[in-house]
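J.: Those sequence lines, one after another, are chains Y and B.
Counting from 1, position 166 in the first sequence corresponds to residue 166 in the numbering used here; the numbering is continuous, with no gaps.
Counting from 1, position 97 in the second sequence corresponds to residue 97 in the numbering used here; the numbering is continuous, with no gaps.
Keep in mind that a hint or two might mislead.
When chains are identical, the list treats them as one kind, so a pair holds in a single copy or across two.
[To be verified] Heads up, simulated DSBU-like pairs for lysine-lysine below, C-alpha to C-alpha not over 30 Å straight-line: (1) K91 x K135; (2) K91 x K13; (3) K190 x K91; (4) K190 x K135; (5) K13 x K190; (6) K135 x K185; (7) K106 x K13; (8) K181 x K91; (9) K185 x K91; (10) K55 x K135.
No wet-lab data here; the hints were simulated from the structure.
All figures in this text were calculated on a predicted structure; none of them were measured in a lab.
Protein chains: 2
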Amino acid sequence: MRRIAVEQDIMAKNGRAAALNRDRFARERTFVVNLMSSPGSGKTTLLVRTLQELKTRGGRLAVIEGDQQTTLDADRIRATGVPAVQVNTGKGCHLDAEMIMRALAKQPAPAGGTLFIENVGNLVCPAGFDLGEAKKVVIASVTEGEDKPLKYPDMFAVADLVLVNKVDLVAALEFDVATLKANVKRVNPKATVLEVSARTGAGFEAWLAWLSSSRTVTAPVEARVP
Amino acid sequence: MRRIAVEQDIMAKNGRAAALNRDRFARERTFVVNLMSSPGSGKTTLLVRTLQELKTRGGRLAVIEGDQQTTLDADRIRATGVPAVQVNTGKGCHLDAEMIMRALAKQPAPAGGTLFIENVGNLVCPAGFDLGEAKKVVIASVTEGEDKPLKYPDMFAVADLVLVNKVDLVAALEFDVATLKANVKRVNPKATVLEVSARTGAGFEAWLAWLSSSRTVTAPVEARVP
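Required output: the full structure, derived from the provided sequences and hints.
T.: As structure tokens, then:
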């Protein structure tokens with residue numbers, strides 16, 4: 001009973017902080033995307049390529065990077081010219097809404113632009129933590145096997161979009177993309193699934209189009225409430 | 001302060017249960033190996049091949065499988081003829097020593113044999129939880145990138161052995177095994193590192209030899225305390 005009470009307390013506190021973040025993002029018209037996956041799914045490589053593509057199209061960008069340790073990922077992001085702040089979670093296995101609040105105090109969200117949050121590589125912990133984002137994107141690489149949505153259903157259930165990454169490796173593997181897609185649909189019939197390769201750029205037009213259309217629908221509060 | 005107190009309470013409770021498990025394993029001369037990794041590193045495939053190899057050499061075997069959901073992995077293990085019990089952690093991201101105790105009530109450990117525990121796919125949570133095992137083995141696949149030991153140091157710091165899996169895919173990737181090994185050594189100078197492919201069987205002789213020699217050193221309490 002005690003452990004449950006503590007958990008409810010933590011989640012309620014996170015929910016309050018997430019609501020404050022969400023209000024702020026709406027006020028400043030920042031479109032916020034929370035990227036989640038296993039370690040090694042290619043999240044950072046995907047994000048670097050995404051930022052490079054988005055930079056050529058204009059628009060303000062920023063990144064919050066989550067990791068247990070190191071600033072390796074933030075360093076990779078900054079090399080693209082996009083500002084990035086690193087949050088180290090130490091023993092923790094996910095970002096929470098208060099960490100985002102503190103990161104925004106160091107590096108303000110890009111008003112009218114897009115903020116990407118790269119969560120700690122983990123298919124369990126980040127699923128339950130609302131950060132105040134507009135969209136949750138789960139990246140699953142083809143090297144991880146088709147069964148992951150069934151084994152980690154909480155994560156796939158909260159995804160707005162599942163990006164199947166590293167599709168350039170399919171030929172070298174025994175991996176069936178159709179089975180993965182069917183397994184995603186079993187735990188989350190509403191999720192969009194797109195195939196990409198962060199290495200070759202395959203599928204990026206569809207991913208960037210998804211971002212653009214999601215932003216149009218989600219971000220401009222003024223447009224929805226005239 | 002409160003969160004820290006709760007964490008200490010949980011860890012102390014786990015430590016007591018782990019000590020009971022360890023006593024039992026020593027009494028029954030069961031060699032216990034805790035396998036940990038990211039989701040999709042090939043843990044189950046590696047375990048299946050390992051069991052098949054060990055079966056031909058004699059010796060009693062059993063498996064405890066941890067996953068958030070599904071009995072997919074236990075089903076794969078049982079197909080080898082080795083008994084397996086599945087523990088579903090629900091919202092939890094790791095096995096703990098009490099879960100092992102309850103699993104042993106359903107399926108006793110193989111006296112004089114080897115028990116493999118396949119932990120929940122996660123590079124953070126399982127690191128801190130002693131299950132009463134003799135050895136902790138961390139599996140890192142070559143598709144995950146060389147930086148994982150630095151980004152998830154707690155996990156790699158507790159490893160007795162790091163198995164670098166999927167080495168058959170190195171040719172298709174930009175991956176440098178030497179860099180991964182150097183990064184393992186930075187967080188854990190004592191860990192042994194072996195390269196394997198669960199798909200092709202490459203490197204399995206060395207892995208099975210490591211198991212055999214670890215068992216000789218660790219398991220027979222009578223031999224150490226005459």
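J.: The structure should be examined with respect to each hint, and the outcome stated for every one.
T.: How the hints compare with the structure:
For the identical chains of this complex, K91 and K135 are neighbours both inside a copy (26 Å) and across copies (22 Å), given an alpha-carbon limit of 30 Å. Taking identical chains as interchangeable, the C-alpha atoms of K91 and K13 lie at most 30 Å apart whether they share a chain (19 Å) or sit on different chains (19 Å). With identical chains, the CA atoms of K190 and K91 are at most 30 Å apart between copies only, with a shortest distance of 22 Å across copies and 33 Å within one. In the homo-oligomer, the alpha carbons of K190 and K135 lie at most 30 Å apart inside one protomer (13 Å), although the nearest pairing across protomers, at 42 Å, exceeds that limit.
In this assembly of identical chains, the alpha carbons of K13 and K190 lie at most 30 Å apart only when taken from the same copy (28 Å versus 41 Å across copies). When the C-alpha separation of K135 and K185 is checked against a cutoff of 30 Å, the pair qualifies only within one copy, where the shortest distance is 18 Å, while the shortest distance between copies is 38 Å. For a Cα distance limit of 30 Å, the shortest separation of K106 from K13 inside one copy, 21 Å, qualifies, whereas the shortest one across copies, 39 Å, does not. With identical chains, the CA atoms of K181 and K91 are at most 30 Å apart between copies only, with a shortest distance of 23 Å across copies and 33 Å within one.
Proximity of K185 to K91 under the C-alpha cut-off of 30 Å is restricted to the inter-copy arrangement: shortest distance 20 Å between copies versus 33 Å within a copy. In this homomeric assembly, K55 and K135 come within 30 Å of each other (Cα to Cα) only inside a single copy, at 20 Å, whereas the closest approach across copies is 48 Å.
Hint compliance for this structure: no hint is broken.
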